[in-house]
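Visitor: Sequence:
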Amino acid sequence: MTKLLAFTTCGEVIIKAIYQQLRLKYPEETMMNTNQYDWVKFYEAFSHLLLAYKSNRQELIEKVKRMYSDTSISLPTLEKDNQIVDIDPFTVFGLFNKSSMKETNRVKIISALAEIFEVQAAVPTSFDSIPVLNNQNATFYSFVGERAERDIDELWELFESALKYADNPSAEAREVLSKYFDLAINKKGNGNSKITMGLYWIAPNSFLNLDQRNTWYIYESGKIPSTVVSSLPAIEAKILSKKYFDIIEKLRSYLSSSESRLKDFKELSFEAWQYSEVVNQEKKSEKTKVSNAAFLKWFKPLIQALRDLDGSASPQDTRKKIIENEKLTEEEISETRGKSNVNRFENEVAFARNYLVYGGYIDNSTYGKWTLTDDGRKVDMTESLASEIFKKGVKTTRDDKGAGLADEDVDTVHYWIYSPGNGAYKWDDFYRQSVIGLGWHEIGDLTQYANKDDMKVALKEKRDPSHSYKNATHATWQFVHEMKPGDIVFVKKGMYQLIGRGVVKSDYFFDTSIDSDYPNLRRMDWTDNCLEQPKEHPGQSVMKALTDITSYTDYVEKLCALFEKDEDTDDDKISEVSYPLYDSDKFLEEVYMDKDSYTTLVGLIRTKKNVILQGAPGVGKTYAAKRLAYSMMGAKDQERLMMIQFHQSYSYEDFIEGFRPSSSGQGFEIKKGSFYNFCKKAADDLEHEYFFIIDEINRGNLSKIFGELFMLIENDKRGNALQLLYSDEKFSVPKNVYIIGMMNTADRSLAMLDYALRRRFAFYEMRPGFESDRFRAYRMRLSSVKFDNLINCVENLNGVIAADESLGESFCIGHSYFCELNEITHSVLTNIVEYELIPLLKEYWFDEPLKIKDWANNLMSAIK
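Under this note's numbering, think of the first position of the sequence shown as 6, with each following residue one higher.
Rather than coming from a laboratory, the hints here were simulated on the basis of the structure. Heads up, a few of these hints could be off.
With a cut-off of at most 25 Å between alpha-carbon atoms, the simulated DSS-like pairs for lysine-lysine come out as follows [as the list claims (entries may be wrong)]:
id, residue 1, residue 2
1, K268, K255
2, K510, K465
3, K247, K325
4, K475, K465
5, K255, K184
6, K374, K302
7, K85, K549
8, K193, K228
9, K70, K59
10, K383, K563
11, K685, K791
12, K46, K85
13, K248, K325
14, K271, K228
15, K248, K268
16, K193, K255
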């Protein structure tokens with residue numbers, strides 16, 4: 006069984022300490038709290054009431070719809086186009102047991118349910134440890150056209166037979182239950198987690214849920230005696246009823262013994278939830294700690310050695326100086342590691358030098374020379390600073406984004422396609438050892454190379470000097486520095502077959518003991534192995550051993566679709582992506598806007614749902630848009646935001662759907678557009694806000710692009726469906742989708758928005774931020790008389806522009822022209838005036854050359 010949660014011996018000590026603190030805080034209090042399991046009576050009472058609708062499912066569907074109508078919560082997607090024709094009882098329970106659900110909404114739904122179905126039991130006050138569905142797989146049946154005729158009927162039979170078994174666990178009752186258990190668990194989209202979770206909801210004293218947390222706790226946490234664990238059947242993707250009941254009986258026997266302090270499945274599930282929370286918390290915190298960082302001790306000696314050598318020296322001379330300064334013994338400088346006998350001292354110094362290069366303390370522009378930068382000559386290299394440099398790690402090109410769109414500190418999952426050796430001959434070994442590897446063992450640990458050129462030189466020296474190694478060094482550099490834990494890797498064989506898929510689990514490491522030919526490694530969780538029945542690659546794949554394919558979104562979608570599983574997906578099994586937190590305070594720190602204006606703008610977006618930020622160039626519309634969305638979400642969540650830009654060729658077919666050449670090259674097929682796909686994603690996660698940002702919204706032909714969406718995007722029309730133009734499908738815009746557009750009001754070449762669309766949007770005027778507190782602070786920090794004179798001149802110029810009848814306030818010069826300046830020099834200011842501001846004035850006053858000349862002189866005089 007794949008290791009679900011693992012931690013080091015050192016980690017175990019820390020976890021146990023945290024766990025003991027938690028248990029000291031509320032162990033017995035939690036276990037004995039009368040409210041802890043108050044959900045049980047409510048769930049059991051509702052399950053018996055629900056059974057009455059087995060033969061009256063249309064009334065049940067109407068009550069479900071009423072539940073959401075009464076609470077003003079959007080109905081989740083329960084059928085294609087949400088045209089619900091049938092429903093099963095487990096899916097009804099899943100409506101208030103989903104991973105993404107806010108507790109306030111959960112209480113609202115349950116309270117409405119209690120009233121509509123007249124449940125006499127008290128509404129639960131605690132939901133800790135109740136297993137929940139993955140929001141992306143929250144129905145126990147497939148949609149119309151994909152399910153068999155009796156699929157939902159058989160789920161009702163499972164529900165009824167489970168309740169009968171819970172009341173009277175006879176052999177006859179188990180036989181009936183087992184029949185429908187095996188039928189249900191083998192349906193597409195179902196598996197151990199969902200089916201056993203559903204049974205646990207309705208009868209937790211009789212059934213054990215085998216979700217991710219419980220399975221890990223039982224089989225791998227070490228909390229259950231090994232004698233008990235060894236007697237249990239092995240977990241399979243879709244376990245049969247016979248094995249499931251075997252697990253239940255053996256664990257119930259253990260729980261009822263004096264050996265266990267836990268006495269039933271409820272306590273076991275709560276304990277598994279609580280303990281796994283501690284472990285996961287510790288695993289997250291471990292990511293921020295220094296690991297594998299023996300080379301940190303060389304940061305300070307390396308800096309000092311270069312200072313002693315007048316700031317620049319060859320690697321050999323630098324190492325000699327370190328040996329001299331640190332009085333290292335022959336044993337210390339001769340120690341080797343691995344089968345290839347890599348010199349440990351040299352390797353760790355090289356590793357330290359790489360991080361100091363990335364930190365800006367050593368210059369790497371000259372091959373064969375290590376040279377201190379100005380920062381390197383002045384820095385006091387303390388242990389804490391060395392640790393900080395290490396934590397920042399390599400600033401890779403994959404993450405090297407500008408600050409304009411607020412994503413400079415956001416990382417996303419990347420997708421790779423990889424070949425494990427010629428003809429995939431290493432695949433069996435790598436799959437068995439849970440690793441991914443690259444060759445080039447001749448040049449040793451790849452972290453010793455500061456750049457691709459160094460790597461290329463080493464390959465030429467050790468292998469064939471006539472080869473360019475351009476692709477090899479690029480792929481190898483990406484493998485070491487750009488691939489990250491959480492990335493997805495597709496495995497290919499040749500150019501036309503796919504044989505596996507997996508998730509990256511570790512950073513790069515060099516280890517010849519695992520594979521002497523492929524010692525450059527990362528740990529993997531290989532989720533798929535289809536070597537015996539390879540999947541057909543869509544078209545011809547790339548030739549390289551490793552390629553980042555993230556930017557090819559259609560290609561990635563096709564590969565992901567090939568590996569979609571029939572079994573259910575446990576939410577705990579999905580790698581959690583942690584996005585940087587972002588709130589209103591952070592927004593106000595970065596955007597030149599006061600708090601009252603921000604509050605007004607946020608209120609406008611939440612009320613109207615569609616807002617256009619309008620203003621002249623340079624007022625920060627684009628800069629503010631994503632930050633505004635992030636501040637409302639509370640984090641820089643890339644999954645809940647999409648940004649596009651309209652242009653004259655943008656069409657309804659790009660935005661919603663249209664005919665495009667098919668991938669097979671035979672004819673045409675309907676391809677969904679960006680807004681359609683975004684709305685479908687948002688509809689599956691109604692608990693969270695989603696933001697669709699349109700830059701240059703007035704550059705497109707809006708009537709042509711929006712089509713029937715003119716009506717659907719209105720605040721009071723959200724959730725209502727209309728027939729789409731091309732496909733036989735009804736489409737609606739969810740209530741949790743907010744549209745933010747940006748419009749340049751100074752561009753005379755653009756037509757004004759038509760009134761039909763204008764009525765659907767609120768318009769917020771973005772003004773220059775020269776008078777904001779933050780911009781004043783920015784001016785004080787720069788402390789430049791020339792800069793202050795220029796800003797004063799521009800403010801006077803804006804007064805003239807605002808008073809001009811042919812222009813007005815919408816043409817005022819914005820503050821963005823003057824932002825992000827680290828130092829003020831005459832050339833910097835001259836470039837802004839001569840190449841940005843004066844050309845703008847020539848556009849504004851194209852028929853008034855004297856006015857242009859006067860203000861050009863004023864601006865140039867300000868910076869003399």
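Visitor: Hint by hint, where does the structure go against what was stated? Just the numbers, ascending.
Guide: 2, 3, 7, 8, 10, 11, 12, 13, 16
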